[in-house]
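Chemist: What follows is the residue order along each chain.
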Amino acid sequence: MSVDIGERAPEYTLPDTAGDGWSLTGDGTAPTVLVFTCNHCPYALAWHDRIADAARDYADSRVRFLAINANDAERYPRDSYEAMQTRVAREDWPMPYLHDPTQEVARAYGAKTTPDVFVLDADGRLRYRGAPDSDYDDPGQEAAWLREALDAVLAGRDLERTQTTPVGCSIKWKQ
Amino acid sequence: MRIELLWWEGCPSTDRALSELRAALAELDLPDDVQLREIRSDDEAAAAAFTGSPTILINDVEMMAVLGRGAGDEPAGLNCRVYRRRDGRVAPTPDPEDLRDALVAARERTG
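Quick note, the sequences are listed as chains W and B, same order.
Be aware that the first sequence starts at 127, since it is given in this note's numbering, and climbs by one per residue.
Be aware that the second sequence starts at 8, since it is given in this note's numbering, and climbs by one per residue.
None of these hints come from the bench; they were simulated from the model.
Bear in mind the structure is a predicted one, so any value in this text is a computation, not a measurement.
Where is the CB? At the ideal position from N, CA and C, for every residue including glycine.
Please note that the accuracy of each hint is not assured.
[Said to hold, decoys possible] Going by beta-carbon spacing under 8 Å, a handful of chain W positions derived as facing chain B:
#1 167
#2 168
#3 171
#4 172
#5 219
#6 263
#7 293
#8 296
#9 299
Model the full structure from these sequences, guided by the hints.
Modeler: Structure (structure tokens):
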């Protein structure tokens, strides 16, 4: 399964590292950014600070950023719920870090890599999907594609770039 | 000098790592004789002490170990490997300077 651009994204509720549940599509009042990510992928780690900076910068616009870890923690213990909790306690996260232990959400959204970014408008429709920007190795990119999508969504404009190829480690599916 | 690049299909960094490895070999006027070995399973990863893709072996020694910096407590498995650039940034491929230094060190050891 996957979600097409313009389509309403499927609604799920996932727990964060404190055990609180978060609706993925929100309450209809603000855009949401879903970032499938994990604890050990170098691409996810390289992009993390840029995505976190964007989360801080768009907080005043009431954009919700939700990070989601769907990796199989049995084969990859560093992606366990406990490891997620440890990481959030150690680092300064401006967004909740949600756990998708059944991988149902990752499959429903068609997530492929870490990171894989989905921008939903306030109505929960998918407006952008792909990489945060064009180069994991260039912090100066500042998650430009993600910001470009958010600026358009917040301004009520059509997006010029609705999809890019997500780049990163493959999601670690259960076998 | 025997050079092997171990890779896993779940990680997209192989082409870049190979390109930067070949550039380092050319810069040092060393023969471009890189052997590619695909790691396909957890068992193969364990047997090869493969802690992530890409892993570069120089004369059977992992390149960061050549520099005295091993993979630490990273478990063997089908992963993308986490490297650190010299400025501290996380990267999916080795710092090209580390790559070159490892090749120079290995060349000096083999005479």
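Chemist: Indicate, hint by hint, whether the structure satisfies it.
Modeler: Here's how the hints hold up against the structure:
1. 167: holds (6 Å)
2. 168: holds (4 Å)
3. 171: This hint holds: residue 171 (chain W) lies near chain B, its Cβ roughly 4 Å from the closest one there, short of 8 Å.
4. 172: holds (5 Å)
5. 219: Hint on residue 219 (chain W): violated, closest Cβ of chain B at ~16 Å, above 8 Å.
6. 263: Where the cut-off is 8 Å and the nearest Cβ of chain B is about 6 Å from residue 263 (chain W), the hint holds.
7. 293: Interface hint status for residue 293 (chain W): holds (6 Å vs cutoff 8 Å).
8. 296: Cβ of residue 296 (chain W) sits 4 Å from chain B, so the hint holds.
9. 299: violated (10 Å)
Of the numbered hints given earlier, the model fails hints 5 and 9; all others are met.
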